[in-house]
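Below, each chain spelled out in residue letters.
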Amino acid sequence: MSKYLEMIRIRFLMMLAYRTNYYSGILIYSINIGAYYFLWTAIYGGKESIQGLDAAQMVTYVAISWMARAFYFNNIDREIAMEIREGKVAVELIRPYNYLGMKTMQAFGEGVFRLFFFSMPGMVIVSFIFPLELPLDWQAWCFFAISIFFSFVINTEINLLTGISAFFLFNNDGLMRAKRVIIDLFSGLLLPISFYPVWAQEIMEYLPFQAISYIPSMIFTKGFQEAEITDAILFQLFWSILLIIPICAMWAVAKRKMIIQGG
Amino acid sequence: MFYVSMFFQYIAQYLKTRMEYRADMIVEILSDLLFQAVNLVFILVVFGHTESLGGWQRDEIIFIYGFFLVPYALFSTFFNIWDFNERYIVNGEMDRILTRPIHSLFQVILERMELESLFGVITGLVVMGYAAARLNLTFHWYDIFIFILFVFGGTLVCGSIFVALASIGFWSDAKTSIMPMMYNIGNYGRYPVNIYNDVIRFILTWILPFAFVGVYPASYFLRKTDWYIYAFLTPVIGLLFFILSVIIWNIGVKRYRGAGS
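So the protein lines, in turn, are chains A and B. Under this note's numbering, residues 1 to 263 are what the first sequence spells out, in order. Under this note's numbering, residues 1 to 261 are what the second sequence spells out, in order.
Rather than coming from a laboratory, the hints here were simulated on the basis of the structure. Every residue, glycine too, gets a C-beta built ideally from N, C-alpha and C. Heads up, a few of these hints could be off.
Said to hold, decoys possible - Across the chosen pairs, the derived CB separations fall in these ranges: (1) I144(B) with G46(A): 37 to 43 Å; (2) G46(A) with I148(B): 36 to 42 Å; (3) I207(B) with S49(A): 31 to 37 Å; (4) L134(A) with A37(B): 31 to 37 Å; (5) I125(A) with E86(B): 50 to 56 Å.
As the list claims (entries may be wrong) - One side only, chain B facing chain A, incomplete, derived with CB under 10 Å: (6) E28; (7) D32; (8) V45; (9) G48; (10) H49; (11) G129; (12) S177; (13) P180; (14) Y183.
To be verified - Calculated from the model, a selection of chain A residues having no Cβ within reach of chain B, i.e. all distances over 10 Å: (15) I8; (16) M14; (17) L27; (18) I146; (19) F149; (20) D173; (21) I247.
Could you put together the complete structure from these sequences and hints?
Have a look at this one:
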């Protein structure tokens, strides 16, 4: 266990060394939030509320979902695919740790770094520029914290799956890009799930994507009430456990059929 | 004439290398399509809950988006220079460029073009066609020339902003993230500028004129007479900014000292 904690720490320190790269990131996210802020204010026009969210909640939703993205987002699918393609994974496999566990921990170290040096200052800056409605009670913050932790778990699990697919497909760039688009659209980052037509919402209930962005953002903006919150977190818990199964299965098969390309 | 033949020779060379990896090319085109679909889905879903966006209807917004895709595709094809700083300045590749017999910017553009992105022109035309049919838009025979002129202007607007930014590399070779930031700002041009506040609107019109890539030129075809002045400014702004950016580039090239070694 301690070696995994050490990996979180090392990755955190590594990111800290290059922290200046992140100031521009906050600006980029603010630009995106700004674009959606104006879009949504125009969409709301004179309307009081759409699908249970009023304009102020919607702005908060946009801001928090982008800032939470900085925490759960990672590129381990790309890293894994690269290591498989370059043959580095062979060395990784003989090291005394679980390769996937190690990748997850590195991603977590990165996530924690971005939470403190990106999301939090970013949220402060954004709340000066745009009229946000931050939750005042501590319960909402607690549920939100639990919820974004699960966002990270589920997003990372999906990344592991797409990353491992490089074992089977020689070039999985297309799959990784498709995954990015699907997550942008169906996680609720760009649009709350409740805005979609009913048939689309019904399909999405059977998919894990809304657990990544929609659920934490709805908890934060008070779009969910009491029972809905616990249901939503259980939904996240369910998917974080369920997704372990395909990862283990794919990993077991992948290790057996591994062909190191070149090297 | 020499430039034209160079251009076609580079295209021929490019096609030969890409045809070797056809599967990659198809994957790239498909994923571009996916990214374009995201914005369309956004517009469609949003208009399930509202009738107008700052006074524009659903199909008008779709038309603007379709128009935006055309110059944007041409821009991504020929001005793929977002990594100019790392690729040419930091790695010292610029030295090689300067020994070539054609203008350095033209040489860089030829080397970096991405013809796959041209597919976006087709997507844009299809999206515009769909919207135009639903809006019962009528076109004059000369509209096709105006369309080409506006697309040309829009492409130059995008291109000039990125050429000017790439030129910063001649002064400082520090890593900057201005380029990705600019891509995000560019997205503001996809929607009518009247939904933004005055400051942003001013910036999008006169400083980083991304509004001339989407909403302004498209408003001509949507017959929004109040916006005609801006629409017809598109080629002017495009040409003006492009000349300016080439001047900045040329000054930068004179200052270029190489990365050492």
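Results for each hint:
no., hint, result
1, I144(B) with G46(A): 37 to 43 Å, "holds (39 Å)"
2, G46(A) with I148(B): 36 to 42 Å, "holds (40 Å)"
3, I207(B) with S49(A): 31 to 37 Å, "holds (36 Å)"
4, L134(A) with A37(B): 31 to 37 Å, "holds (34 Å)"
5, I125(A) with E86(B): 50 to 56 Å, "violated (28 Å)"
6, E28, "holds (8 Å)"
7, D32, "holds (9 Å)"
8, V45, "holds (5 Å)"
9, G48, "holds (6 Å)"
10, H49, "holds (5 Å)"
11, G129, "violated (23 Å)"
12, S177, "holds (4 Å)"
13, P180, "holds (6 Å)"
14, Y183, "holds (9 Å)"
15, I8, "holds (26 Å)"
16, M14, "holds (16 Å)"
17, L27, "violated (6 Å)"
18, I146, "holds (29 Å)"
19, F149, "holds (27 Å)"
20, D173, "violated (6 Å)"
21, I247, "holds (24 Å)"
Violated hints, listed in ascending order, are 5, 11, 17 and 20; each of the other numbered hints is respected by the structure.
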